[in-house]
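Novice: Chain B: place on chain A using the hints.
In the order they appear, the protein sequences are chains A and B. Taking our numbering, I'd label the letters of the first sequence as residues 1 to 553. Taking our numbering, I'd label the letters of the second sequence as residues 1001 to 1553.
If you're looking for bench data, these hints aren't it; they were derived computationally from the structure. Glycine is no exception: its CB is placed at the ideal position from the N, C-alpha and C atoms. Hints are not guaranteed to be accurate.
Calculated lysine-lysine pairs in the DSSO-like style (CA-CA distance at most 30 angstroms, straight line) [claimed, not checked]:
no. : chain 1 : residue 1 : chain 2 : residue 2
1   : A       : Lys543    : B       : Lys1457
2   : B       : Lys1288   : B       : Lys1217
3   : A       : Lys335    : B       : Lys1415
If you want the ones that stay clear, here's a sample from chain A, every Cβ over 12 angstroms from chain B, calculated [claimed, not checked]:
no. : residue
4   : Asp111
5   : Ile117
6   : Glu209
7   : Lys247
8   : Asn257
9   : Pro271
10  : Asp272
11  : Ile276
Protein chains: 2
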Amino acid sequence: MNKVSFLALGGINEIGKNMYVIEYGDDILVIDCGGKFPDESLLGIDLIIPDVTYLEENQDRIRALIVTHGHEDHIGGIPFFLKKINVPIYATRFTLGLIELKLEEHRLTRDTELVTITSDSILEFGEIGVSFFKVSHSIPDCLGIVIHTPEGNVVHTGDFKFDLTPANGQYCDIHKMAEIGRQGVIALISESTNAERKGVSPSESMVAEHLVEAFRKAEGKIILSTFASNVNRVQQVVEAAMKTNRKLSLLGRSMVNVVDVALERGYLNVPDGMLISAHEIEQFPPDKVVILCTGSQGEPNAALARLSTGNYRDATIYPGDTVILAASPIPGNEKGVSRIIDNLFQLGAKVIYGSGSSTGMHVSGHGYQEDLKLMLTLMKPTYFIPIHGEYRMLHHHRQLAESVGVEKGNTFIIKNGDVVDIEDSVARQTRSIPAGDTYVDGISVGDVGEIVLRDRKQLAEDGMLVIVLTISKGDRKIIQGPDTITRGFVYVKESENLIREINRLVKKTILELEADNIRQWNVMKQNIKKSVGQYLFRQTKRKPMILPIILEI
Amino acid sequence: MNKVSFLALGGINEIGKNMYVIEYGDDILVIDCGGKFPDESLLGIDLIIPDVTYLEENQDRIRALIVTHGHEDHIGGIPFFLKKINVPIYATRFTLGLIELKLEEHRLTRDTELVTITSDSILEFGEIGVSFFKVSHSIPDCLGIVIHTPEGNVVHTGDFKFDLTPANGQYCDIHKMAEIGRQGVIALISESTNAERKGVSPSESMVAEHLVEAFRKAEGKIILSTFASNVNRVQQVVEAAMKTNRKLSLLGRSMVNVVDVALERGYLNVPDGMLISAHEIEQFPPDKVVILCTGSQGEPNAALARLSTGNYRDATIYPGDTVILAASPIPGNEKGVSRIIDNLFQLGAKVIYGSGSSTGMHVSGHGYQEDLKLMLTLMKPTYFIPIHGEYRMLHHHRQLAESVGVEKGNTFIIKNGDVVDIEDSVARQTRSIPAGDTYVDGISVGDVGEIVLRDRKQLAEDGMLVIVLTISKGDRKIIQGPDTITRGFVYVKESENLIREINRLVKKTILELEADNIRQWNVMKQNIKKSVGQYLFRQTKRKPMILPIILEI
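Chain A on its own, in the form it takes in the complex (with noise of 0.2 angstroms):
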């Protein structure tokens, strides 16, 4: 008897870099691949992707990506997992149109089979069945999964809320998932993220009055951040310049590649004549304009940001212009944004900020408790594994899915990495497969792992000394050098003393090796490493990387 299998290879125990791996017999079926963004401490390092190590090698065994919805955290992925093996992906029209932008900026277009899907599209695999449910998010167009499988029928939620007033139209199922429950669940996959908030996620439409709100009593220019890819905002946003009688200007790369593909494709609706351009601005009264831009997490580069700091060419924000932050600070985020905020106030502008919807700005797309007890209530599922959360959302999850039936035992809180297997219809975690961060740096992945990223460690903190010496090949005596160049460790200047003495210590250090008749060149190096090493900590309480260099002429 043959039995069904999920993998997690990210997206547990972490929020981002989402991939899941469900498996019956010959067939696998990969759901998501997303990137993450590292923080400060993986030096240099610009994403965090899935470990795939399990799925190249099972490669042919793999009918279908198959994606739930287009944030970042579930799609940054893709170019680097498709250069590595190359297999269709199923998406609604939206998605594909957020992966189309990532495929043409690393030229897979010509290579890549993409399947546009939507939530009534059933789909066969080999034994494997899947079907789709809608749900609401903070993006348009999202899936949750059916997996049917001999074994029973699996379901993963991807992200989601119940919002009964969605903006845009962005409605879930619910009598849908009320039937996919009463035909039975084996196993519910489902995301953690607000497992620690009561309550009910607030409704999107909630941010639409206080949005009108703002824009009736403001008096310039209103310059609004938010994530591009939240179209159903964007709609928002448009409704209420239309009744404030404004224009409406987009700035930042991916608020205007992500409003085309929302045109374009149905998402979004924008009155003939409202859009204009970064250097329209100008020539319209400040209170007839919105700007809708970039950089609502505090990124440095996007438009937010260079506003705040008087740095766009085309728009400049003045003293009672209002900006309205309609997003909240990914942890992490918080300086960066504060940062912005303060700049905006020393241009005087009217700053409307807060953190979660404390300002009616912003609602988050991922449902609260009372939202992840009513998808589990939906599909009773016998067994539960949370995904996508840290390890205590994902523990605050179990005790919503016990308190709602599930029984103890049968929940799953596992790592990247571990199996669940369900056979004869019991679910078992006994096994695990490779799983882990890749590091993508630059255009290479994969080069950058624990060795590179200490050595980045030791020379951010402390900088580097390069320490050059030529010995003769005779006799071993010191012909030429030392000589000491600094990096990052001191000023130079004022450091003469201590370069002396390091080159009077590499002297000596090898000067006493000759005496005791020791040649070999690695020892030298260590001596020299240790000599000054110690020398420069007494000295300094620093710890530079030390490289001797030794020539032999």
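Specialist: Using the frame of chain A, we list chain B on its own:
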């Protein structure tokens, strides 16, 4: 006629690194000398302290350093300041206790004059008189300062809140403040940390009830983390431990040190026999022990972080133990704190956490809007200078001041380095002095600046390459090398081709220069950097530091 001047060397447009100067005629008083912990962008920097160039140039006029209270952002820079300028320090008994810990560490105790003051002290420095008033804050023995000058009285609040039911008897002296206000205040200098928060700062005593409740409920050990300097909080922990019949163990160097100072100087009362040492913890039943530890800000080497990963020798967290985070993460520390919470959940601990006062286990030491308005109302200043805050907080504080009667135009929102002069009862801000950040790296001060940091940043992001070649003195032919050594760039094993191509390029560059009869070292180095740099950027989209070393034999 003489004037009174207020100078800010730190503490404005930032939280952290407070240092202010008041001068009249020949006399200079310095208020506070703080340090600030850098964010990750300042690679390798341990501490930021104020630039005291102005004070060095005027050191014969400095009469005293007066310290309002013992927090790091008010005392952290003292040892470095004293090494440049020896000046007597005036502070209360508890504050001096914490300063002495620092002086001992830097071996400065013998040469520093310390003067113990109380809120009743009256000091005179030339024509300046100084008196004090008690304020409540999250550390014992805090002072506000009144500077009496022929131009009128200037009041500096220090950090404060109005806590009418403080823990540990740390009352603020409202009657004295009223009397100061009645006598007339030409300028109020007041802290702005919570100027964005509506309402009244909750009382420290609110924490007591929640502590006792949590202690009663806890079935295993209790591990509580808070700022060591919050002795009033520590006192409440002691009392809750007493009520629930638990022993108390202190983990973490600063916790042990500060509690020592507090006990010795009478700011903390602990019943005999309650304190147990770390290695006695396991000898008591878990429900008879409270561990009070450092690390509430997620510091990776502090006690809580080590406990959360099972790396603390003397104590282990078992499933069912209760961990209480009695502190709110300072902006920038959220990620570190959240990592620890996750680890604690994985150990099976019950964790009480949450931002601000949401858990009842923490209250801010800084006054909210109503506290700030009360101070402004009591002091009735003609001029107002908000300090101790980022720009938006100063901005809000100005609005508060105007709402309680400070005339529009009489508030000075200044930057570090700006000077407010009061002459003939009129205040003006027309001049500035040098002020900025001085970096402490290891034990050296000021030898790391922009260039060193820029180098560190480049090294951190993309690592480095050292290219060594030896050329002959005579005909300038390459006689050895080029050899390329990399650190922090790529895995060497995986990039043999890259290194080979670099060496080829270097050779080519040298031959081309030779053909053109160009033999200057700097030109050779420049061209190597350029050709290799361009090649690497094309291949990897990275820009490592390139360090050509050419030896002439």
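Novice: Taking the hints in turn, state whether each one holds.
Specialist: Checked hints:
1. A:Lys543 x B:Lys1457: holds, 16 angstroms
2. B:Lys1288 x B:Lys1217: Judged against 30 angstroms, a Cα distance of about 13 angstroms means the pair holds.
3. A:Lys335 x B:Lys1415: Distance ~19 angstroms between Lys335 (chain A) and Lys1415 (chain B) Cα, so the pair holds.
4. Asp111: At roughly 22 angstroms from the nearest Cβ of chain B, Asp111 (chain A) sits farther out than 12 angstroms, so the non-interface label holds.
5. Ile117: Given that every Cβ of chain B is farther than 12 angstroms from that of Ile117 (chain A), nearest at about 34 angstroms, it holds.
6. Glu209: holds, 22 angstroms
7. Lys247: At about 29 angstroms from chain B, Lys247 (chain A) clears the 12 angstroms cut-off, so the statement holds.
8. Asn257: holds, 21 angstroms
9. Pro271: The claim holds: Pro271 (chain A) sits with its nearest Cβ about 35 angstroms from chain B, beyond 12 angstroms.
10. Asp272: Its Cβ never comes within 12 angstroms of chain B, the nearest being 39 angstroms, so this holds.
11. Ile276: holds, 30 angstroms
Going down the numbered hints, you'll see the structure goes against none, and every one checks out.
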